[in-house]
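J.: Construct the complete structure from the given sequences, taking the supplied hints into account.
Protein chains: 2
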Amino acid sequence: MQIAIDRDRDQPLYHQIASHIRQHIRYGQAPIGTRLPSIRQLASDLGVTRLTVETAYDELRAEGWIETVVGRGTFVARTASQEERINRLSSEVSPRGILEDLQRISDIDVLRSLAYAEPDPALFPVESFWNIIANLKPFAQDLMGYVGAEGDAELRIAISGMLRERGVESGPDDILITTGAAQALTLVTQSLTRRGDVVIVEKPTHITLLHLLEAQGVRPVAIPMDGHGPNLNWLEQAIVQYQPRCFYTIPNFHNPTGTLMSQRRREDLLSLARRYQLTIIEDDIYGWLPFDTPIQEPLKALDDSVIYISSFTKMLMPGLRIGFMSSPQPLHNHLLDLKRSNDLFTAALFQAALTTFIRSGHMRAHLKRVVPHYRQRRDQILRSLKTHMPPGVTWTEPSGGFSLWLTLPSHIDAIWVQRRALRLGFAFTPGSAFFPDNSGSQHLRICFAQQPPDIIEEAISVLANIIKQELYE
Amino acid sequence: MQIAIDRDRDQPLYHQIASHIRQHIRYGQAPIGTRLPSIRQLASDLGVTRLTVETAYDELRAEGWIETVVGRGTFVARTASQEERINRLSSEVSPRGILEDLQRISDIDVLRSLAYAEPDPALFPVESFWNIIANLKPFAQDLMGYVGAEGDAELRIAISGMLRERGVESGPDDILITTGAAQALTLVTQSLTRRGDVVIVEKPTHITLLHLLEAQGVRPVAIPMDGHGPNLNWLEQAIVQYQPRCFYTIPNFHNPTGTLMSQRRREDLLSLARRYQLTIIEDDIYGWLPFDTPIQEPLKALDDSVIYISSFTKMLMPGLRIGFMSSPQPLHNHLLDLKRSNDLFTAALFQAALTTFIRSGHMRAHLKRVVPHYRQRRDQILRSLKTHMPPGVTWTEPSGGFSLWLTLPSHIDAIWVQRRALRLGFAFTPGSAFFPDNSGSQHLRICFAQQPPDIIEEAISVLANIIKQELYE
Chain Z
13 MQIAIDRDRD QPLYHQIASH IRQHIRYGQA PIGTRLPSIR QLASDLGVTR
63 LTVETAYDEL RAEGWIETVV GRGTFVARTA SQEERINRLS SEVSPRGILE
113 DLQRISDIDV LRSLAYAEPD PALFPVESFW NIIANLKPFA QDLMGYVGAE
163 GDAELRIAIS GMLRERGVES GPDDILITTG AAQALTLVTQ SLTRRGDVVI
213 VEKPTHITLL HLLEAQGVRP VAIPMDGHGP NLNWLEQAIV QYQPRCFYTI
263 PNFHNPTGTL MSQRRREDLL SLARRYQLTI IEDDIYGWLP FDTPIQEPLK
313 ALDDSVIYIS SFTKMLMPGL RIGFMSSPQP LHNHLLDLKR SNDLFTAALF
363 QAALTTFIRS GHMRAHLKRV VPHYRQRRDQ ILRSLKTHMP PGVTWTEPSG
413 GFSLWLTLPS HIDAIWVQRR ALRLGFAFTP GSAFFPDNSG SQHLRICFAQ
463 QPPDIIEEAI SVLANIIKQE LYE
Chain S
13 MQIAIDRDRD QPLYHQIASH IRQHIRYGQA PIGTRLPSIR QLASDLGVTR
63 LTVETAYDEL RAEGWIETVV GRGTFVARTA SQEERINRLS SEVSPRGILE
113 DLQRISDIDV LRSLAYAEPD PALFPVESFW NIIANLKPFA QDLMGYVGAE
163 GDAELRIAIS GMLRERGVES GPDDILITTG AAQALTLVTQ SLTRRGDVVI
213 VEKPTHITLL HLLEAQGVRP VAIPMDGHGP NLNWLEQAIV QYQPRCFYTI
263 PNFHNPTGTL MSQRRREDLL SLARRYQLTI IEDDIYGWLP FDTPIQEPLK
313 ALDDSVIYIS SFTKMLMPGL RIGFMSSPQP LHNHLLDLKR SNDLFTAALF
363 QAALTTFIRS GHMRAHLKRV VPHYRQRRDQ ILRSLKTHMP PGVTWTEPSG
413 GFSLWLTLPS HIDAIWVQRR ALRLGFAFTP GSAFFPDNSG SQHLRICFAQ
463 QPPDIIEEAI SVLANIIKQE LYE
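So the protein lines, in turn, are chains Z and S.
Taking our numbering, the leading residue of the first sequence gets 13, the next gets one more, and so forth.
Taking our numbering, the leading residue of the second sequence gets 13, the next gets one more, and so forth.
In short, the hints are calculated from the structure, not lab data.
Treat the numbers as computed from the prediction; the structure is a model and nothing was measured.
Watch out, some of these pointers could steer you wrong.
Unchecked claim - So, partial list: chain Z residues that the calculated Cβ filter (under 8 Å) puts toward chain S:
#1 E166
#2 W428
#3 R432
To be verified - Simulated restraints, written as ranges between beta carbons of each label pair:
#4 D185/Z x R286/S: 48 to 58 Å
#5 K149/S x E470/Z: 27 to 37 Å
#6 P150/S x R62/Z: 22 to 32 Å
#7 R19/S x D57/Z: 17 to 27 Å
#8 S274/Z x D18/S: 47 to 57 Å
#9 Q23/Z x R431/S: 26 to 36 Å
For each residue, glycine too, the CB sits at the ideal point set by N, CA and C.
T.: Written out as structure tokens, the structure is:
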């Protein structure tokens, strides 16, 4: 095993050593079971300290690339193979299992993932964002200290402006900054529910929500959707039967189905909610990414009593961990208090950088730049589905967001199809994870936002072949 | 009101306008009630858009500097005066009230705060940290995407190394990265307790813990401390009487008292815990900042069943929002699952930057640089207390951490003293906030870490004068 290190590079030496070994394993030059040099030997060969080599080995061990057998030495681990990594993906099709796999899937080089509703990292505005951070250095002492739990006032002003453009009148004082939309959902669940309470959700619904309801011991009851949104007869029945604490809905480019709730359905939903004094939690995380309509108002624009949740995760970058919510008083103050108790405050540097990003017009420009890419991918996936899928397979046609919902003929098991696809190098999400009752085994979610058109075409063609084999063989 | 803007500066124009107006108000050039130019007028005077001025006014309004009276115009608000800002500080001496004031106090220019146990921003390693972030730009796509809920593997390896130096054998897989120590406390409370359960705490104890127990409906029962740590007779009685879920302790440089638990007390505590199968939560957030002893092992070094919590908030910078915990299985997996449900993951960029900071030796150098400053301030405050305080006032003598605990003669009310001190320009924390039963009205916490020696001397002299007045007049 030949390892070259470069002392002039910024990368720490241990990191260079670990990278080299990783590459050797990846490209098959060091197959499973290969013995690695001892720490003492490698340190002496490279002229580095033993701690440096030890640190590199620690890192590779933690990642599953190598293993040490006491008294015998260090070897390339069985868990280093791609196939083994795929085998280790969760066999449990549940919100927890799917969320646990998120990172693992992205770590397997050979997999092309259409499994997660994530923005494409290649579209991140890295240059402008790093410049903004560099320019914030004079304010570092403030930005690295404690700030208010409610979030940066300037960011709340900027978000208030963004919301106004979409018809929502929320002032800066109505807005709470959260550590991603996930935290907003956690806070609102903590505030509105107790263990054993019922929350109504759509069927299917957002994985993270199901996971956090389970963690908090809150019971989700799911009502069916159609092409216009949630079925309100079912909702009314569920209200009467379960006396739920609230209804969680994703009206704009629903995850996983991509459905855009119709205007009529919105009005009917709100009037039903008023009649039964039902609290509505609106998740608008995809609402900023419309492909075909110029602007889509949230429910919050029609009724200010709605609890509105969104985030910069999908429209900008997940790694910011910045979400936001607007809710009526006195709930807002209770949520602020819970936010403070959960993690005190959200990192100020990213809040300040994001404020500059919005104020200087970068946010608007970014959306203008990325939406055509996502639209093109949506167009591609619809074309590919039409070309390759056999009769009996149906799908939704999203007008925004990151995902669509595929329905297989009833005797084909989506979990089987998904496992088969993994072996062939493509990841999708099995539908059951989106149902609180683990039904939905006929469905797959396909996320088209992260892959370029040629990969999408390949993925759908592979998927169609798996389904055809199942149908005709 | 004369406002000059500079189009060549990086700062947005609205921000420059807001800064200028703020300065005018601060230095008395625009007293309360002064009418500001209309948006149209100022925009035309400065040659900027009306939106720019509107944004500046929005910001100043959100901050309480100005107010708009519909139909009459915009004026310097009554809430803009320093005195008014002091009056608006929470009148509620509770964990919630004290936490709410945190940001407000730091926003009042005239106040010198010794109220919060925070590191001194002037000691933040801004240069090296910003350089590290700049060098991470090539990895931006990964660092701004989704990462694992457990935290960056390299950071966990680095933390494992730091812990090993303090006698704790926690491998990377035992460590969970959290959004500050506050989130670690939230997760462990969510995992171990249900509404109505009892948790034993020290008396006094950490404000944030009391606040989050209240938010989660968990009942704290407090047991007295002496100079060696918690009183174990009381602890045993509380165990028998309340069957608590766990005991929360801060053995190293306790907040608020600064007490270092003696070796003997540690051993006795752990053997008591084993006898009653009591779960111990160790908060070691100050353990990295010893003034007089070279190294202080955590409880975790003596007993691996302890749930260990720490963070980079005090030893480095609060704005990172990076805490960590080490706990035995299967609890670790449950905490990881709750972490995922609470906010999915902690921002990767700061985790990566912190990893480099630790690995490259900056962390060690930083501690070596800051500890002498904090030690000098501790020495100063003990000297000043000895010089100025009248007989009957006593205090603890911390050998590390950020705070000490002052006890007043029994007929003097600490809240009154603290209010008086605010008027004279110094903030301390009233003791009641650290007691679940709101007793402790004889105590003040004094945090010496954020102020240079001359301010500490002035603060203690002012405080002593207030107490003497109360005693002798």
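J.: Checked against the structure, which of the hints given earlier come out wrong?
T.: 2, 3, 7, 9
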